[in-house]
Amino acid sequence: EDKVVQSPLSLVVHEGDTVTLNCSYEVTNFRSLLWYKQEKKAPTFLFMLTSSGIEKKSGRLSSILDKKELFSILNITATQTGDSAVYLCALQGAQKLVFGQGTRLTINP
Amino acid sequence: DAEITQSPRHKITETGRQVTLACHQTWNHNNMFWYRQDLGHGLRLIHYSYGVHDTNKGEVSDGYSVSRSNTEDLPLTLESAASSQTSVYFCASSATASAYEQYFGPGTRLTVT
Chain Z
100 EDKVVQSPLS LVVHEGDTVT LNCSYEVTNF RSLLWYKQEK KAPTFLFMLT SSGIEKKSGR
160 LSSILDKKEL FSILNITATQ TGDSAVYLCA LQGAQKLVFG QGTRLTINP
Chain Y
20 DAEITQSPRH KITETGRQVT LACHQTWNHN NMFWYRQDLG HGLRLIHYSY GVHDTNKGEV
80 SDGYSVSRSN TEDLPLTLES AASSQTSVYF CASSATASAY EQYFGPGTRL TVT
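First to last, the protein sequences are chains Z and Y. FYI, in the numbering used here the residues of the first sequence are 100 to 208. FYI, in the numbering used here the residues of the second sequence are 20 to 132.
Derived from the structure by calculation, the hints contain no laboratory data. Accuracy of the hints is not assured; some may be wrong.
[What the hints assert, rightly or not] Short derived list, chain Z residues pointing at chain Y, Cβ under 7 Å:
#, residue
1, Phe129
2, Ala141
3, Pro142
4, Gly199
5, Gln200
6, Gly201
7, Arg203
[Said to hold, decoys possible] Sample of chain Z residues with no beta-carbon within 10 Å of chain Y, all distances over it, derived:
#, residue
8, Gln105
9, Val112
10, Glu114
11, Gly115
12, Val118
13, Asn121
14, Thr127
15, Thr143
16, Gly152
17, Lys155
18, Lys167
19, Ile172
20, Asn174
21, Thr176
22, Thr178
23, Asp182
Nothing here was measured: the structure is a model prediction, and the numbers come from that model. Beta carbons are placed, not taken as given, at the ideal position from N, Cα and C, and that holds for glycine.
Model the full assembly from the supplied sequences, consistent with the hints where possible.
What follows is the structure, encoded as structure tokens:
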């Protein structure tokens, strides 16, 4: 059974700090790993990762995948209060997504 | 503009009642999904459909059913609502060719008393 575990479950930091969110997984047929940001509504897509070692970057957010060790990290530098959200990691097998529990990130001013 | 909508946005019902949550998308996507989201569990897949008249059970399908009579709609029915089904429900859709990018509806908050 495909499984996704995120850590930490909750994180509180000060504005300007850098944070690293972790996602480890077990899968039988890996297709891709995805990161979503969820504020007070539906999740919104951030990144899709398919290959090891290739960093995806969007502004202050970046993510990388390690298919040998079966994990991915999401980095956010120079955090802002608007980065406060739940960050979801999801594993794609076939056409379904299996989600982790999410990491609730709170950025204090 | 294409979109995915859910109704109602909030629902309170009593234990034992049948409840149907609506999901409607205008993306013309073949794939549609229902998830529930609870604290500590993230998003869990309830049912999904790859096209008209196709339905499949997800991770937590007990007590739920879906039917797909057209491309746009995938209603989710709770046959006999239970307090354990109090949750936020999200519908999502994706095109076959780019299934990784699922578009989510705004969610329905269901409370079973």
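Review point. Which of the listed hints are not met by the structure?
Key: Numbers 1, 7, 8, 15 - these are the hints that the structure violates, sorted from lowest upward.
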